[in-house]
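K.L.:
These are the residues of each chain, in order.
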Amino acid sequence: GQQVMQIPQYQHVQEGEDFTTYCNSSTTLSNIQWYKQRPGGHPVFLIQLVKSGEVKKQKRLTFQFGEAKKNSSLHITATQTTDVGTYFCARIGNFNKFYFGSGTKLNVKP
Amino acid sequence: DAGVTQSPTHLIKTRGQQVTLRCSPKSGHDTVSWYQQALGQGPQFIFQYYEEEERQRGNFPDRFSGHQFPNYSSELNVNALLLGDSALYLCASSEGQGSYGYTFGSGTRLTVV
Numbered sequence: 001g002q003q004v005m006q007i008p009q010y011q012h013v014q015e016g017e018d019f020t021t022y023c024n025s026s027t028t029l030s031n032i033q034w035y036k037q038r039p040g041g042h043p044v045f046l047i048q049l050v051k052s053g054e055v056k057k058q059k060r061l062t063f064q065f066g067e068a069k070k071n072s073s074l075h076i077t078a079t080q081t082t083d084v085g086t087y088f089c090a091r092i093g094n095f096n097k098f099y100f101g102s103g104t105k106l107n108v109k110p
Numbered sequence: 001d002a003g004v005t006q007s008p009t010h011l012i013k014t015r016g017q018q019v020t021l022r023c024s025p026k027s028g029h030d031t032v033s034w035y036q037q038a039l040g041q042g043p044q045f046i047f048q049y050y051e052e053e054e055r056q057r058g059n060f061p062d063r064f065s066g067h068q069f070p071n072y073s074s075e076l077n078v079n080a081l082l083l084g085d086s087a088l089y090l091c092a093s094s095e096g097q098g099s100y101g102y103t104f105g106s107g108t109r110l111t112v113v
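Protein sequence lines correspond, in order, to chains H and E.
Per the numbering used here, the very first residue in the first sequence carries number 1; after that it's consecutive.
Per the numbering used here, the very first residue in the second sequence carries number 1; after that it's consecutive.
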């Protein structure tokens, strides 16, 4: 189908450790977007990746789009307690329908 | 520059009732999409409105309907509420089809009892 799968579902890290979440699709993606949702909050747009093999950085966050455009990853270096939340990938599918992954919930222990 | 505003923030309804949720998009955005987010799940696409017409629809029954007004604001209506309709309802606005990301509102928490 047009869903995107995310792993892991949960991740608990010690502050200062790195974190990575992966987004996988069975079909080629035209683009992938990443969102962060803080506990009790709403999704906030982080970035969009469009090109094969694209890598974008936002401070400690590194976003990558696979060469085959079927997977993407978000890596956070040296996590902080402010990174706590659920990270979603999302794709625009056929007929411009928007599909979110199930999310990876990150907990950072101080 | 106002972001996306939704009202009400919380709502409690009885099974079988009808509900209307409202959304004002971010200034400069002309497209509004609605999502249902159950606890611990990712947002599920309900439908999208552009130029006052429903352009795309997710896998939701006809009990879910909507409207977009000339000022781009939008309403989500749900009839014959079921307990399973309890969720956070998110409105997101974008320029066009959302290729540059969506701006989400804070949502309306609907509880059906």
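Since the hints were derived computationally from the structure, they do not count as laboratory data.
Backbone N, C-alpha and C define an ideal beta-carbon position, used for all residues, glycine too.
Be a bit skeptical, because a hint or two may be false.
Just some of the chain E residues that point at chain H, by a computed CB distance under 10 Å [what the hints assert, rightly or not]: (1) LEU11; (2) GLN48; (3) SER106.
Computed spacing ranges between beta-carbons, pair by pair [to be verified]: (4) E:LYS13 / H:ASP18: 42 to 52 Å; (5) H:ILE47 / E:GLY40: 40 to 50 Å; (6) E:LYS13 / H:GLU15: 38 to 48 Å.
K.L.:
Would the hint on E:LEU11 stand, with a C-beta cut-off of 10 Å toward chain H?
P.N.:
With a closest approach of 16 Å, the E:LEU11 hint is violated.
K.L.:
Under the criterion of a CB-CB separation shorter than 10 Å, is E:SER106 in contact with chain H as hinted?
P.N.:
OK, holds: E:SER106 within 10 Å of chain H, min 5 Å.
K.L.:
Per the CB criterion, is E:GLN48 less than 10 Å away from chain H?
P.N.:
7 Å, holds
K.L.:
Hint says 40 to 50 Å; check whether the CB-CB distance for H:ILE47 and E:GLY40 agrees.
P.N.:
Violated, since H:ILE47 and E:GLY40 (Cβ atoms, about 24 Å apart) do not stay within the stated range.
K.L.:
Given the hint of 42 to 52 Å, check if E:LYS13 and H:ASP18 actually sit that far apart at their C-beta atoms.
P.N.:
44 Å, holds
K.L.:
Check the following: the C-beta atoms of E:LYS13 and H:GLU15 are separated by a distance inside 38 to 48 Å.
P.N.:
Hint holds: Cβ distance 41 Å, inside 38 to 48 Å.
Hint check: violations occur at hints 1 and 5; the rest are consistent with the structure.
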